[in-house]
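Each chain is listed here by its residues.
Number of protein chains: 6
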Amino acid sequence: MSTSFPQPIDSGLVPRFAGPATFMRLPLATSAAELDIALFGIPWDGGTTNRAGARHGPREVRNQSTLMRSTHHVSGIEPFKLARVADIGDLSVNPIDLLDALARIEAGVRSVVVAGAVPLAVGGDHLTTLPVLRAVARSGPVGMIHFDAHSDTNDLYFGDNLYTHGTPFRRAIEEGLLDPHRVVQIGIRGSIYAPDEHAWAKDQGIRIVYMEEFVRRGASDIMAEARAIVGDGPTYISFDVDCIDPSMAPGTGTPEIGGFTTREAQALVRLLEGVRIVGADVVEVSPPFDLAGMTALAGATILFELLCLVARQVAETRSSAGAR
Amino acid sequence: MSTSFPQPIDSGLVPRFAGPATFMRLPLATSAAELDIALFGIPWDGGTTNRAGARHGPREVRNQSTLMRSTHHVSGIEPFKLARVADIGDLSVNPIDLLDALARIEAGVRSVVVAGAVPLAVGGDHLTTLPVLRAVARSGPVGMIHFDAHSDTNDLYFGDNLYTHGTPFRRAIEEGLLDPHRVVQIGIRGSIYAPDEHAWAKDQGIRIVYMEEFVRRGASDIMAEARAIVGDGPTYISFDVDCIDPSMAPGTGTPEIGGFTTREAQALVRLLEGVRIVGADVVEVSPPFDLAGMTALAGATILFELLCLVARQVAETRSSAGAR
Amino acid sequence: MSTSFPQPIDSGLVPRFAGPATFMRLPLATSAAELDIALFGIPWDGGTTNRAGARHGPREVRNQSTLMRSTHHVSGIEPFKLARVADIGDLSVNPIDLLDALARIEAGVRSVVVAGAVPLAVGGDHLTTLPVLRAVARSGPVGMIHFDAHSDTNDLYFGDNLYTHGTPFRRAIEEGLLDPHRVVQIGIRGSIYAPDEHAWAKDQGIRIVYMEEFVRRGASDIMAEARAIVGDGPTYISFDVDCIDPSMAPGTGTPEIGGFTTREAQALVRLLEGVRIVGADVVEVSPPFDLAGMTALAGATILFELLCLVARQVAETRSSAGAR
Amino acid sequence: MSTSFPQPIDSGLVPRFAGPATFMRLPLATSAAELDIALFGIPWDGGTTNRAGARHGPREVRNQSTLMRSTHHVSGIEPFKLARVADIGDLSVNPIDLLDALARIEAGVRSVVVAGAVPLAVGGDHLTTLPVLRAVARSGPVGMIHFDAHSDTNDLYFGDNLYTHGTPFRRAIEEGLLDPHRVVQIGIRGSIYAPDEHAWAKDQGIRIVYMEEFVRRGASDIMAEARAIVGDGPTYISFDVDCIDPSMAPGTGTPEIGGFTTREAQALVRLLEGVRIVGADVVEVSPPFDLAGMTALAGATILFELLCLVARQVAETRSSAGAR
Amino acid sequence: MSTSFPQPIDSGLVPRFAGPATFMRLPLATSAAELDIALFGIPWDGGTTNRAGARHGPREVRNQSTLMRSTHHVSGIEPFKLARVADIGDLSVNPIDLLDALARIEAGVRSVVVAGAVPLAVGGDHLTTLPVLRAVARSGPVGMIHFDAHSDTNDLYFGDNLYTHGTPFRRAIEEGLLDPHRVVQIGIRGSIYAPDEHAWAKDQGIRIVYMEEFVRRGASDIMAEARAIVGDGPTYISFDVDCIDPSMAPGTGTPEIGGFTTREAQALVRLLEGVRIVGADVVEVSPPFDLAGMTALAGATILFELLCLVARQVAETRSSAGAR
Amino acid sequence: MSTSFPQPIDSGLVPRFAGPATFMRLPLATSAAELDIALFGIPWDGGTTNRAGARHGPREVRNQSTLMRSTHHVSGIEPFKLARVADIGDLSVNPIDLLDALARIEAGVRSVVVAGAVPLAVGGDHLTTLPVLRAVARSGPVGMIHFDAHSDTNDLYFGDNLYTHGTPFRRAIEEGLLDPHRVVQIGIRGSIYAPDEHAWAKDQGIRIVYMEEFVRRGASDIMAEARAIVGDGPTYISFDVDCIDPSMAPGTGTPEIGGFTTREAQALVRLLEGVRIVGADVVEVSPPFDLAGMTALAGATILFELLCLVARQVAETRSSAGAR
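Quick note, the sequences are listed as chains A, B, C, D, E and F, same order. Taking the numbering used here, I'd label the letters of the first sequence as residues 113 to 436. Taking the numbering used here, I'd label the letters of the second sequence as residues 113 to 436. Taking the numbering used here, I'd label the letters of the third sequence as residues 113 to 436. Taking the numbering used here, I'd label the letters of the fourth sequence as residues 113 to 436. Taking the numbering used here, I'd label the letters of the fifth sequence as residues 113 to 436. Taking the numbering used here, I'd label the letters of the sixth sequence as residues 113 to 436.
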């Protein structure tokens, strides 16, 4: 631990509404070098098949994240004391060229990974997770705990299009980025295209927890199973804000009623404790459809929850490394 | 089952935001002839004593219903394969003449009933349910399972006015359209005009389940009782969107805090399985007071839940008829 | 009980949207003389360190309170038959001079207390509770049951500023207005400035119930403890609308996700039965950040819940006084 | 002039956002007795054939009118020094019975007229002007200067309905309330139902000034003609807020692009100087469709402009009476 | 003229808010066969480099177009009596594949052109005009009168991307679809990327009328010049809604203050009289950024203005053909 | 001129919605050293007597300013080539201590002035202009061209409060910061507190141009007079966004209908050419009351207009200095 770690601006001296907004009011860094955890945006929604707008997500999550303070009130974690964290800005994207955008995003995340920092991304639509995984899973497939209303394991769109925000995890499995037996999807719900829509995913070994099962069993039980599934291998966390109920997260492209409360979502995320997180994201925050910044605030708070988990992991790793 | 049943437009080929909006992206039919289930709007709110706007409900429910897909993710029901369903447009109404409007609505629903189709209506304010019942209950009183924050069994308004959205079920009982011993009202809450406001309803035999009892007992228990009350006789389902909490359904005229979550509402509706549904409605969606289409989306999703139940019932009836 | 008590305008004769809005559609009184309970606004938010707007709270709570009816549907309480209640308008404030505003508010509440009426205040930001307590606790410290996302027991701001909406209860304890051993804070959550942020409060004897404990134990258990803590001494009730989840109460300055549902909030407030209430408030309703009047409606309904409790207490006191 | 005239609350002592909102922050009077000018609302929109909501107009116009100050910055008129003015609340209406509502409104205005006060009404939809005219024109037809996007002289609706917000002035002429040769309509525009839609009105002698003619000739020229047409006979002023462009007055039921700017509207109203005004109204402010209170603010400001004109007329009449 | 031409639903019998929304409440046709004028949507915004959302344009323009009536109040034109007009739905698009989308759009418009109908398109972003021109200008370059805040003649984006909503008219000229000497752009304004940003366009022969020149010279003068430039050759009209001021058309992706009023825009469009219109569009209506449907209403009204012009042209052509 | 001047991020490479928002997408500088022009925010509204919210102005103006490009389309000015410009963040303020806030703001601006940079401030409420003037006018009174709906020369508030957003210019004259004979106020309108409200200002020598005079005479004439009044002495430009009509700038605390169009505002500002500008501000942008970012966009565009003027002045000064 070092007092020279980047620290958020003190809201007891500078009001929260003052100054350009960065994630958690952290300093802007030009790269992930010298960081343990890199926060960045991926302002891109070119994989969206219905209501676009997630390209504006990073800026508004930054804006609402200025409400975050420095300490987690339950765990007592002080992430900015445990790890070197900064906002490294937004990755380079291309709003009108899908394949170029995927390449740019992958390159951006790779530079974070190469620098030795854990990437915490703010989307962007869910297709952005695919290039993130390409960068994160370079040395082999990872596991994933995935909070979402949708499985996002569809195959083709409009005949032959491989890449949309409904297909990233089929592609990720096909590309060997995810180990499907170490993938859990939680919160899935809403009408589907066909009774066998999730058959492929299940055949691969993905564990799908529908909302109804969550309601029956509760967060602790579900997350115990989830942690068992991913084990102690490297695991990616993907949080699609549409897992939360549209009344609490209206600013998203594909809302489905009957979702998690934010309280449940926080409980779920806190139960990730012990999972070896190699990267995480909060995606599908779409400000043009948001109300009063509510969805961006939920996204920012979940980002803070994830950050606390990763910061503790960083500190523990450093400490155990130091002990050796 | 037939492949020639009307089918929704495929959103894998035509994006959901494309084209004029119909209920569930179904074809528009000019009448209920040849249909098993007729979806229609009743764009009228002339019985509203406080905040009007439900006249705009059908159009926005259509709009949000374009997010629905073809299959229920829990029951696996594919309604458009089980039954002939179409959008038959909106019934004729009269925005400035209450009695004429009631007569037009009754006539419109009667033509659906006469054609042998089950009417699924989208209001409009709750007074529209009265003429629907006049058409549905022509051969004798029906039962009703009624989700609402309000009992809607008041008597007179402004001295001598019989017809408002607070009185339909008193009128329906007086007219012999409802068998009060087969009526259950669920979700009732909010301040009332007098301690005995519900005395008349209870005296008639109506079972009122206040929100507090629901919270204590849960959906399964309450719905088991509700199903027992209506038995296997013909039953109408009326879903006033204000039974849902105003945070999830702000677009309504008489909001009362402390309502159902959409998740609870879905659970309740799914527990209607086995009830013999002769008609159903979703009412009081008021777009001018809505936020981000949230209430219309809730209404559209509940409509889809109801549709699935009725479609299965249609298929079972057909199948059992065929077996005979 | 008297038929000459002030009564709300009858919405069966005058629609709820008609006429200038007063709290609960009650008559406007020029003072608290002749009243048992005085409803008033404190349109001031000069203690707000982030997003202002609570100065507009009283007017919008009045507006939404026109939806309230005369009788509580669970307890059957008819407050306007049990007690003399009126809207005495807004207290005098000063939008640009903090100390002058605090003095004016204290004077305003003192005149209510001196008149023998119970003050029910609608803020305004939470700093307004400090001068209210100065008036209410003139003869000695009172207990407090406090619903909030935040403890509001911080010390200084911007170096040496004593008075903000984050500090009222530290000041109240320092000034001997609150007996910290008779203070319970319920619903506390959200990131904090330091791990020991609540240490001072706890050291004083304040009982802090974090949201997580509430979720584990439930309303009945928590409120049984709260009632035991305050005992039968004089107790103030402070309801910061940000204790409610931001999806249900977005119109507030410092939203924290994961809050109470309005249903839970109603349950908590109803469990205040038996507490000896010497004053109460609903604060931090900020209309510029509200959506569809949702927060003001929640505030107005909680105000009605509190009013019912106090009215019964008034009637019981009168009755027991009469019996003597 | 008298210092005992009712005066608005001083915003240098009580902030504008404080207290229940009345028109111009004037005292509430229980009747028009002792008044020269009575401000009142008519919260009714039962004649609306498309988007309702004007029933909520009076409350929001009151709300925005709290921004008005005491003196006109161009004419220097101080209306509250020249005349006895108060807010007498809203007239009695009936939201679900059109004919009863018209009768109640007429009775309400009649009591104002009988008391000798000039009625300044805030609607409500434009059908409310018909019963106002029935009260104002009891001793003979009056002239009218009418600002509107629509002529509102249609005949029947839905076959045989005589009374909608599209028909008031045909009815008023048929009933002998308006002298059509002393009627000018200014700002008419938007697509029409048939080329001869305005033929009846023109045949009666009404002068219709289309928006295009206004653009060509300008406010001074048009208003000179308007003043010549009405001459020095008793004249009613009806200001439908939809004469203003929908960007400046979006909160209305039948918007038509290409309307007056508020600046033009103010210029037009100021050029009413010298007209003998026997009553006036501002109608069709529909808050559910409004944005940021913009339409209500425009309506409140036009109401203030009209009030200034009438107050001067009152003072001049009194003065000339005193001189005799 | 024939009474059998498709007619809008009569709003004297069916309220405007009733029924699924089509353009101008016209019947839906399955193709342009048998039509003189085809109204259709192009729900696509894949060329948008900043704020997307125009994909939702057609549905909301349909929605607001239900406010249109049958006759132009200035010209007296009754388009539905002069020409066979219908809504043929939305063209097929592809939300995630730019080149496929362009091909689909071109094919869709070609089928309209081949059927002999004049295409009136509602975008969609401005890149959609490129494939429309490919269909319309098959037999040779056309002229264009183009209302816009931006010239849309940029070259490359992100290095080497040819197709964005900032480049359609450079591409159209390069492809020989537009005769640059017969192109006028009116309303251009806003900060630019470089002093020579418009040099290429001017070098080609395009006449750019900046907003400042319009303010100086006025609509009549500018349009006289515009008509002279396009002469009597075939001319396309492209109306980007961002030519209108953002206060009147906020729902667009690239707002620039200081734009046309809707009144000016109507005047400009009416002055197209005499131009030989071979197709027209209204583009860049972006509902997620719109307020109260204001932009969609402006778009719908301009569409009606264009429709009237084309309908008269159709009638005149038919009449002159018949005369021969 | 130097290629090493700070340049905005290129939106042809990084989309405008990407990255943390700074003014004009310029680099953030830690101080005004090495700058010719310093852009900064003053996030403070403690002088606001009615609707607060301008504290949030700088962040939203930054957000909307990302739509600005690098070159003025009329003058051809490229400010970032002519001068060294950067965003130096927000000045230090104190949300709850008025006098401390004024001192902090003055100190912040003084450091800019001392560094030799021209301050371009974004408020904040209009009281922030007082401490700016204290810093700018240290060596003697300056002139001022002031665009506003209000004169802001009131004296006391709530009895004895000297400092509100209605009093800055009386204080500035009393303190010798402004030379009243070199002060012009343009756009003044709206109801006033008393007929002599502006008498003090006029007595001091201030020239007040009411909106009505502007309408009569036009921008060129008015600005010729304004330029003559301020002459070639040092002049401050203060642009209160409420000078613009509330339909175009709804996000402000004290809206007055009948304001400037943005087109007129741009014309007025461009006619400042030749004035010797020693500082400028855009104030009273209040995002909580804004719609779709419209007011912040207007503010950002006016800021760009002012920046262009100052940048040319900087270049001319440098050039003439170099020539010497």
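Simulated from the structure, these hints should not be mistaken for lab results. The reader is advised that the hints may include incorrect statements.
Estimated spans, in silico, between C-beta atoms of each pair [stated by the list, open to error]:
{"#": "1", "chain 1": "D", "residue 1": "L211", "chain 2": "E", "residue 2": "L140", "range": "35 to 43 Å"}
{"#": "2", "chain 1": "B", "residue 1": "A306", "chain 2": "E", "residue 2": "G188", "range": "56 to 64 Å"}
{"#": "3", "chain 1": "E", "residue 1": "D308", "chain 2": "D", "residue 2": "W312", "range": "46 to 54 Å"}
{"#": "4", "chain 1": "C", "residue 1": "H293", "chain 2": "D", "residue 2": "Q119", "range": "47 to 55 Å"}
{"#": "5", "chain 1": "D", "residue 1": "W312", "chain 2": "B", "residue 2": "A433", "range": "35 to 43 Å"}
{"#": "6", "chain 1": "C", "residue 1": "L211", "chain 2": "F", "residue 2": "G434", "range": "40 to 48 Å"}
{"#": "7", "chain 1": "D", "residue 1": "P139", "chain 2": "A", "residue 2": "G330", "range": "36 to 44 Å"}
{"#": "8", "chain 1": "D", "residue 1": "G124", "chain 2": "C", "residue 2": "P307", "range": "29 to 37 Å"}
{"#": "9", "chain 1": "D", "residue 1": "Q119", "chain 2": "A", "residue 2": "Q119", "range": "50 to 58 Å"}
{"#": "10", "chain 1": "E", "residue 1": "D122", "chain 2": "B", "residue 2": "R430", "range": "45 to 53 Å"}
{"#": "11", "chain 1": "D", "residue 1": "W312", "chain 2": "E", "residue 2": "E146", "range": "56 to 64 Å"}
Every value quoted in this text rests on a predicted model; they were computed, and no experiment measured them. Even for Gly, the Cβ is constructed at its ideal location relative to N, Cα and C.
Evaluated hints:
no.: 1; hint: L211(D) to L140(E): 35 to 43 Å; verdict: 39 Å, holds
no.: 2; hint: A306(B) to G188(E): 56 to 64 Å; verdict: 60 Å, holds
no.: 3; hint: D308(E) to W312(D): 46 to 54 Å; verdict: 60 Å, violated
no.: 4; hint: H293(C) to Q119(D): 47 to 55 Å; verdict: 51 Å, holds
no.: 5; hint: W312(D) to A433(B): 35 to 43 Å; verdict: 59 Å, violated
no.: 6; hint: L211(C) to G434(F): 40 to 48 Å; verdict: 55 Å, violated
no.: 7; hint: P139(D) to G330(A): 36 to 44 Å; verdict: 59 Å, violated
no.: 8; hint: G124(D) to P307(C): 29 to 37 Å; verdict: 47 Å, violated
no.: 9; hint: Q119(D) to Q119(A): 50 to 58 Å; verdict: 56 Å, holds
no.: 10; hint: D122(E) to R430(B): 45 to 53 Å; verdict: 39 Å, violated
no.: 11; hint: W312(D) to E146(E): 56 to 64 Å; verdict: 36 Å, violated
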